[in-house]
Amino acid sequence: MAALKTLLYVFVYPGLVFMFVYSTFCEWFDRKVYARLQNRMGPTHTGRWGLLQPVADFFKLMAKEDIVPEKADKTMFTLLPIFGLAVVATAMLLLPVWHFNPAAGGFNSFSGDIIVLLYLLSLPTIIFFLAAWSSTNVFSTVGGTRVLTMFFGYEVPLFLAVLSPALLAGSWRLAEIARFFQAKPVLLLVNLPGFIIAVICVQAKLERTPFDIPHAETEIVGGTFTEFSGKKLAFFRLMTDVEMVVSSGLLATVFLGGFPGGLVLGFLRFIVKTLFVIFLLSLLRAATSRIRVDQVVSFAWGYLAPLAVVQLFFVILLKGFVL
Amino acid sequence: MKFQIPIGPQHPALKEPISLRMTVEGEVIRDADLRLGYNHRGIEKLAEERTYLQNIYLTERICGICSHSHTTCFVQGVEALLEVVAPRRGQFLRYLVAELERVHSHLLWLGVAGHEAGFDSFFMYTWRDREVVMDILEMISGNRVHYAINTLGGVRRDIDEALRTKILDSLGILRARTDYYFKLGANEPSFVGRLAGVGRLSKEDALALCAVGPTARASGVAHDVRRDDPYGIYGEIPFEVCTADSCDVLGRTVVRIKELGQSYNIIEYLLRNLPDGPVAVKAPRRAKPGEVVSRYEAPRGENIHYIKANGSDKPERLKVRAPTLANYAATLAMLKNGFIADIPLIFAAIDPCICCAERTVELIDGRSGRPSQVRWSELRRMAARRAGRVSKKRNMEWPL
Amino acid sequence: MRIAGFVPELLRHLFKKPATVDYPFRKLEVPKDFRGTPFLHPETCIVCRACERDCPAEAIEIVEVNAAEKRFKMTIHNDRCVHCAQCVDSCPTDAMEMDDKFEISAFSRWDLKEEWEYVRAVVKPKPAAPAPQAAPAAPVSPSPVKPSESET
Chain A
1 MAALKTLLYV FVYPGLVFMF VYSTFCEWFD RKVYARLQNR MGPTHTGRWG
51 LLQPVADFFK LMAKEDIVPE KADKTMFTLL PIFGLAVVAT AMLLLPVWHF
101 NPAAGGFNSF SGDIIVLLYL LSLPTIIFFL AAWSSTNVFS TVGGTRVLTM
151 FFGYEVPLFL AVLSPALLAG SWRLAEIARF FQAKPVLLLV NLPGFIIAVI
201 CVQAKLERTP FDIPHAETEI VGGTFTEFSG KKLAFFRLMT DVEMVVSSGL
251 LATVFLGGFP GGLVLGFLRF IVKTLFVIFL LSLLRAATSR IRVDQVVSFA
301 WGYLAPLAVV QLFFVILLKG FVL
Chain B
1001 MKFQIPIGPQ HPALKEPISL RMTVEGEVIR DADLRLGYNH RGIEKLAEER
1051 TYLQNIYLTE RICGICSHSH TTCFVQGVEA LLEVVAPRRG QFLRYLVAEL
1101 ERVHSHLLWL GVAGHEAGFD SFFMYTWRDR EVVMDILEMI SGNRVHYAIN
1151 TLGGVRRDID EALRTKILDS LGILRARTDY YFKLGANEPS FVGRLAGVGR
1201 LSKEDALALC AVGPTARASG VAHDVRRDDP YGIYGEIPFE VCTADSCDVL
1251 GRTVVRIKEL GQSYNIIEYL LRNLPDGPVA VKAPRRAKPG EVVSRYEAPR
1301 GENIHYIKAN GSDKPERLKV RAPTLANYAA TLAMLKNGFI ADIPLIFAAI
1351 DPCICCAERT VELIDGRSGR PSQVRWSELR RMAARRAGRV SKKRNMEWPL
Chain C
2001 MRIAGFVPEL LRHLFKKPAT VDYPFRKLEV PKDFRGTPFL HPETCIVCRA
2051 CERDCPAEAI EIVEVNAAEK RFKMTIHNDR CVHCAQCVDS CPTDAMEMDD
2101 KFEISAFSRW DLKEEWEYVR AVVKPKPAAP APQAAPAAPV SPSPVKPSES
2151 ET
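Chains as they are written, first to last, in the working numbering: chain A, 1 to 323; chain B, 1001 to 1400; chain C, 2001 to 2152.
Isolated chain A, as found in the complex (with noise of 0.2 Å):
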């Protein structure tokens, strides 16, 4: 019956089918809010209101021919589009909803699992460098070093944005975090610039506009996904989907409250907090253009971190003197 269990959690909820339902659910979310802002309409006929249209291409993907150029690296084309669904995959079981009894602990929530968390989604930016330097494309190069390039600015704001709530919350636990705002919501406020920061930063992290610079279109052609095509390139872009839930679960846990109420509110309002991130994400990415990769440099170390800094400041000045 427990090894029945087992393998409902990890096959059905919240296991692999869940994780491909949403994180298509949510890519279509984004798809539509952001041609409804661009004043068009979006995917429509596949499915009814287009929701299909995410599980189309990922079938289409699937089903294409799957080209590996000569001088590529073998293993590594093979090997990493699956290593890279299997690390966002690891890092949804963190995301505190999908405990039926939330003050237990257990293998996916004990203290210090943020600290995992953000380690497990700075992964994906080191796989598409791999990617990118075994493809040995001129394009895919340019790419891999844009990823890195990035890397360098926005992974710092990202981490001192999410420490604040943590430091507020006085633990390096998710649930306890989340649990923290649910009795005192009022201190969500003290966390709103880190907020801004934390969107800012995870839209660089998931590479949507405006720093798509890896993959930008019309510069390098497919950046680090130049060569990749068939099953691997369906991996990938699952895997951008999944990163792009896991990545608003984290932000909705820190600075919106997290998911109490058990089992069927709990995930109610998980799907409220993480669509209405999403959206946020989709608003920013309609209306900005994409920047030069020296631009996010400097933007990030010339206005984001100081911002952080200032910001993990005041937090540390709150909870000395008030609470």
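What the hints contain is simulated information worked out from the structure, not anything from laboratory work.
No farther apart than 25 Å at their CA atoms in a straight line, the calculated lysine to any residue pairs in the SDA-like style are these:
#: 1; chain 1: C; residue 1: K2027; chain 2: A; residue 2: G42
#: 2; chain 1: C; residue 1: K2017; chain 2: A; residue 2: R48
#: 3; chain 1: C; residue 1: K2027; chain 2: C; residue 2: F2107
For clarity, every value in this text was computed on a predicted model and none was experimentally measured.
Since the structure of chain A is provided, determine the placement of chains B and C on it from the hints.
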């Protein structure tokens, strides 16, 4: 460490095939080279086998966006050879469509610049407003591109009062949207950050490298064929030549938006002062021997057509010098010492219409790789020998 | 504020109807005088062959089927037609007309050819347009299209 990045012939930044080889070091371009010929269709040879009337439709298809520029430039030249003068109403309608084409081309360019910079929302908005102009052109001429409104001796269609008021009303919408795009384009920080300081072309360089059109006007060179050498009725229409001083892509954007405003004024003037009368006169079919050079200010710059007549109803020679061909040398100068990220913007800033500019071809020996030069007469002899072998039946099979 | 200046306009569009026309599920309206495909009114054609001469794409072909009965057959090659409507302008008796069909794709170019077989009509052509300022219009004998001679 230098390596070569090929932009083209197939590349998402380009709408048409052209081969640019950049030698880059890190993200900085050190050298650039250009190869043409991927879109060559032999239009100048085809023009020699068609009558002047049929050639109107052939020159129209040199390009899709600036189609009216090519046919008007051609028809102006042929009307001079045939010694006919189009009636005033016909000329007003001809240049009304010309200014509408300029509006649609500049709105298209704004969208393309936004797309190359990654600003897709701007792209979608400008192209949505361009649909207003396309609908007007469809109502005037029956087709959204390739208007085919010119004929030898005037224009083919007339507009009635309802259409005239409709165009005047649409101008109001277009003016409001253009003002909004000016505010947006000049103030959105990420967009301006991409455009400012990119693709510098100083005034001396613009004059030395023979840049034309908005590319030159953004460097302060106030050349506009409509003012320097007025053709048709431009001598009596009040308008200003728009220039900017910043010599970069932002200047070119500002020049094009200002030209949109000027075009709206010209369209309004033409519509309010539209004279009555016929729209065309009957023109003879044969032209007396002679040659004519016809100049026209296309949305991209100065368009030159040279036509030589030999007394029959087909031209002896047609030579087209499209504005983009003149801007290529300036592009190479702009690309040096830029960033890779700026390549699509610099190239898009000259508003490339590569199929307009496909005129010269370099012959390279397939085995040795050395370029060779063939005389014009030798090329004609080779072509005539090959054409002589083809069947002369009227109902030639056109193989797919 | 400059940075978020575009955002109110974007959010306004969330509540507007999309500007896209849901073609092909919604039909596109074309204006009158739209240049679709050419077709013939056989009862007014006097077989002057002006359309055949003036077509820039050699898309009209008139063949004599029976000289005694004055029967002719016109084939319009819609796969070669560029929809310029010069045939409509050249025709002196308004026998050629453009309809508003633009969804004419087919799987083979041979499906796109249309034929009419008819007897030559006896109809007075329209009076010519006002006299030009130069020499009167000389009738041009149809000259076959031949490759240009080489000139040294």
